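Construct the complete structure from the given sequences, taking the supplied hints into account.
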Amino acid sequence: MERRSLPFSIFIYVSAVILGVFVLAPLVWLLIMSISDTNDLTTLPLRWLPQTLDLHRYAQIVSLAENGVGIAFLIALKNSLAVATIASLGGLAVAIPAAWSVSRAHGRLNFSLYVVVATYMLPPVALVVPMYFALSAMGALNSVFSLAIVYLSILAPFTTWLLKSNFDHVPAEIEQAAMIDGARLDQILRRITLPLARPALTTAGLFAFLLAWDEFFYALLFTAKDSKTLPVFIADLAGGRVADYGLIATAGVMASLPPVLIGFFLQKSLVSGLTAGGVKG
Amino acid sequence: MMLRSWLLLAPLLAVMTFIIGWPLAKTVGVSFTDAKLIGGDVNWVGADNFARVLGSGMFWSVVWTTIRFVLISVTAEFAIGLGAALLLDQKFIGRNLLRALLILPWALPTVVNATMWRLIYNPDFGAFNALLTQTGMIDSYRSWLGEPGSALLAVCLADVWKNFSLVTLIALAALQSVPRELHSAAVIDGAGPWSRFRAVVLPYLIGPLTVAIVLRTIEAFKVFDIIWVMTRGGPANSTKTVSMLVYEQAFSFQKAGIGASVALVMVLVSSLLIAGYVGLLRRQGEFR
Chain A
1 MERRSLPFSI FIYVSAVILG VFVLAPLVWL LIMSISDTND LTTLPLRWLP QTLDLHRYAQ
61 IVSLAENGVG IAFLIALKNS LAVATIASLG GLAVAIPAAW SVSRAHGRLN FSLYVVVATY
121 MLPPVALVVP MYFALSAMGA LNSVFSLAIV YLSILAPFTT WLLKSNFDHV PAEIEQAAMI
181 DGARLDQILR RITLPLARPA LTTAGLFAFL LAWDEFFYAL LFTAKDSKTL PVFIADLAGG
241 RVADYGLIAT AGVMASLPPV LIGFFLQKSL VSGLTAGGVK G
Chain B
1001 MMLRSWLLLA PLLAVMTFII GWPLAKTVGV SFTDAKLIGG DVNWVGADNF ARVLGSGMFW
1061 SVVWTTIRFV LISVTAEFAI GLGAALLLDQ KFIGRNLLRA LLILPWALPT VVNATMWRLI
1121 YNPDFGAFNA LLTQTGMIDS YRSWLGEPGS ALLAVCLADV WKNFSLVTLI ALAALQSVPR
1181 ELHSAAVIDG AGPWSRFRAV VLPYLIGPLT VAIVLRTIEA FKVFDIIWVM TRGGPANSTK
1241 TVSMLVYEQA FSFQKAGIGA SVALVMVLVS SLLIAGYVGL LRRQGEFR
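Each protein sequence line maps, in turn, to chains A and B. If you read the first sequence in the numbering used here, its first letter stands for residue 1, the second for the next number, and so on. If you read the second sequence in the numbering used here, its first letter stands for residue 1001, the second for the next number, and so on.
Hints in this document: simulated from the structure, not taken from any laboratory. All of these numbers come straight from a predicted model, not from anything done at the bench. Virtual Cβ for every residue (Gly too), placed ideally from N, Cα, C. Honestly, I wouldn't trust all of these hints.
[Said to hold, decoys possible] BS3-like cross-link-like pairs, simulated, lysine-lysine; straight-line CA separation at most 25 Å:
#1 A:Lys-78 x A:Lys-225
#2 B:Lys-1091 x A:Lys-268
#3 B:Lys-1255 x B:Lys-1036
#4 A:Lys-225 x B:Lys-1091
#5 B:Lys-1091 x B:Lys-1255
#6 B:Lys-1036 x B:Lys-1026
[What the hints assert, rightly or not] Label-pair ranges, simulated between beta-carbon atoms:
#7 B:Ser-1150 x A:Leu-24: 18 to 28 Å
#8 A:Asp-168 x B:Leu-1071: 31 to 41 Å
#9 A:Asp-181 x B:Arg-1004: 37 to 47 Å
#10 B:Trp-1006 x A:Asp-168: 11 to 21 Å
#11 A:Leu-55 x B:Pro-1193: 44 to 54 Å
#12 A:Trp-48 x B:Gly-1234: 25 to 35 Å
#13 A:Asp-168 x B:Ala-1275: 16 to 26 Å
#14 A:Asp-37 x B:Leu-1013: 49 to 59 Å
#15 A:Ile-12 x B:Leu-1013: 44 to 54 Å
#16 A:Leu-257 x B:Ala-1275: 36 to 46 Å
#17 A:Thr-202 x B:Trp-1006: 49 to 59 Å
#18 A:Asp-181 x B:Gly-1083: 48 to 58 Å
#19 A:Leu-257 x B:Trp-1064: 37 to 47 Å
Structure representation (C-alpha cells):
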C-alpha cells in the first residue's frame, strides 16, 4: 500500500468522526430521553443532559399495575415474540424441503426461484384487501396465529431464497453415499444435510424473525387490543395522547433490544442476508 | 425423482398459491367491483375504478410524492452509503467499531425509527429545533413535520438514516473482495488514485452496488410505516404515498374496489422494478 499523506489522514479521521456522530446522535438522544426527568425534556432552551438519572419509566413499562401502560407493553411484547417465533419456524419448515429440492435439481427448478423472489417483493397492498375479507369471514382477525400465517407470505419465499444457495455448499456426494447405504430421504436430511447446514439455518431463521418483528402494515390492519404487536403498540403510544415523550422513548429502546442483539450476532452473514443471497458476502 | 422434487416443493407451493396467488387474483377481481370493505352489495363496474383513479388529480399527486420520496431517499442513501463504504475500506483506528455501529440503524425497528425522529422533530421541545436554534442556524422553532414545505424532506432524512448502512455494508463487502495484488500492480504501473478506482475497484463494485440500489428502490416505492407513524400522509397530503392512498381508500373510506385498483397500478410498476432486479441477480449468476 501507498503511504497516506497527512492531509488525507486528517480527512479520513474527520470523516470517521462525522459518520460516527451521524449514526449515534439520534440513538443517544433516544436513550437520554428515556432516562430524563420530564421537566428536563420540556424546558427551553433544551437541556441536553438530564440533571438527575430517572429510571422510573423502565419500571413503569414492565409494571403489572392494572390498566397501566406496562400491561399493554408486555402483552404486545408477548404477541411480537409469538408471531415472530411461529412465523419464522413456519417459514423454515416450508423453506427447508423446497430449497433443498431446488438445490439438488441441478438447475432444472431454478425458474421457480425467480417466482419466489418476485412474490417476496410484491407490495403488501396488493394482497391485503382479500386477506382482510378472508380473515374477517373466518372470524380470524385479531389473532396472533392468523398474523403469523399471513407473515408466511413474506417469510417462506425469503427463507427459501436464503437457504437455497447454502444447500448448494453441502456436498451432494455425502448424501448419495448414504442413499446407497440404504438411508431414507428423511434420515439423510435429518442426520446429514441439516446438521451440515445448521449455521445457515440459524441465520435464515433469525433474519425471518427480524422481518416479522419489524412488520407493521399487516399488523396494523389485522390486530386490535390484545393481539397488537410491538410496532402497533409503539405507533399507538406515539400517536396517542401520551404526553410523556420519555415513556415513548423507553418503549422504543425496549422494543429495539432484541433486534439489535440479533443484528450484532448476524454481523458476519449480514450482507448475504440483506440481499438474500444477491451478493456473496 | 421429479415426483419427489414436487412433493418437497408442495408446502412452498401451497403457501404461494393460498397466501399469495389467491389474494393477488382476488385483488384483480375486487378492482372491477364496487365492493365495500364491510357489508353491502357487490356489483361489477368494469374498468370504472381504474378510470376514476387514473383521472383523479389526487392519484397523480400521490404518485409524484412517491417518486420524489424514492429519488431523494435512494440518491442520498447511495451517496452517503458509498462514501461511508469507501471510508471504511481505509485503515484507521476505530474502523471495526464504526463498522459495527452501522448495524444499529439497520437493526432498529422501522416504527421505532419513525417514532424516534418524530420526537426529534417535535415542534415544541424537539432536539432538532434545539440544535439548530442553539447553533444559530434558525431563529425560532419550526414544525418540520407540520409544514408541507419540509415534511417530505424530514421523513426522507429519517429513512436515509436508517437505510444508508445497507448500501454501505453491501458496498464494503464488494470493496474488500478486490484482490490486493490488483491494487499493488496498478500502483507499480503508476496509476493515480482516480484511474485506480475506475479500472481496479469499480468493476468489483458496480454489480453489488446496482443490486443494493434496485433493492432500496423497490422497498422505498412500497413505503408505508415510516410515513404512517410520522405524518399519516399530511400535512395537506404532502407526504401521502401510493401505499398510504391504498390504505386510506380501502380501510379508512372502506372503498375496497378503489383501493384494489390503486394497488394493482402499483403492482404493475413494481413488477417492472422486480423484473429488473431478478434480471440483475440472474446476470450475476446467483441462480446457477
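Discussion item. Given a hint of 37 to 47 Å, does the C-beta separation of Asp-181 of chain A and Arg-1004 of chain B actually sit inside it?
Written reply: Given about 18 Å between the Cβ atoms, the range is violated.
Discussion item. A range of 48 to 58 Å was offered for this pair. Does it hold for the Cβ distance of Asp-181 of chain A and Gly-1083 of chain B?
Written reply: Holds, at about 56 Å.
Worksheet item: Is Lys-225 of chain A close enough to Lys-1091 of chain B, meaning Cα to Cα at most 25 Å?
Response: violated, 52 Å
Practice prompt. Decide if the proposed pair is consistent with the structure: Lys-1091 of chain B and Lys-1255 of chain B, CA atoms, cutoff 25 Å inclusive.
Written response: violated, 57 Å
Discussion item. Range first: 49 to 59 Å. Now tell me if the beta carbons of Asp-37 of chain A and Leu-1013 of chain B are that far apart.
Written reply: Holds - the Cβ-Cβ distance for Asp-37 of chain A and Leu-1013 of chain B, about 57 Å, lies within 49 to 59 Å.
Practice prompt. Given the hint that Lys-1255 of chain B pairs with Lys-1036 of chain B, test it: the Cα-Cα distance must not exceed 25 Å.
Written response: holds, 5 Å
Practice prompt. Go ahead and decide if the range 25 to 35 Å is satisfied by the Cβ distance of Trp-48 of chain A to Gly-1234 of chain B.
Written response: holds, 30 Å
Fill in: 44 to 54 Å as the expected CB spacing between Pro-1193 of chain B and Leu-55 of chain A, which holds or is violated
holds, 51 Å
Worksheet item: Is it true that Asp-168 of chain A and Ala-1275 of chain B lie within 16 to 26 Å of each other by Cβ?
Response: At roughly 24 Å between Cβ atoms, Ala-1275 of chain B and Asp-168 of chain A fall inside 16 to 26 Å, so the hint holds.
Worksheet item: Has the hinted range 18 to 28 Å been met by the Cβ atoms of Ser-1150 of chain B and Leu-24 of chain A?
Response: holds, 24 Å
Item to complete: Note whether the CB distance of Trp-1006 of chain B and Asp-168 of chain A lies within 11 to 21 Å or breaks it.
Response: Given range 11 to 21 Å: holds, Cβ gap about 20 Å.
Worksheet item: CB of Leu-257 of chain A to CB of Trp-1064 of chain B, is that within 37 to 47 Å?
Response: Cβ of Leu-257 of chain A to Cβ of Trp-1064 of chain B: about 39 Å, so the range 37 to 47 Å holds.
In summary, the numbered hints that this structure violates are 4, 5, 9, 17.
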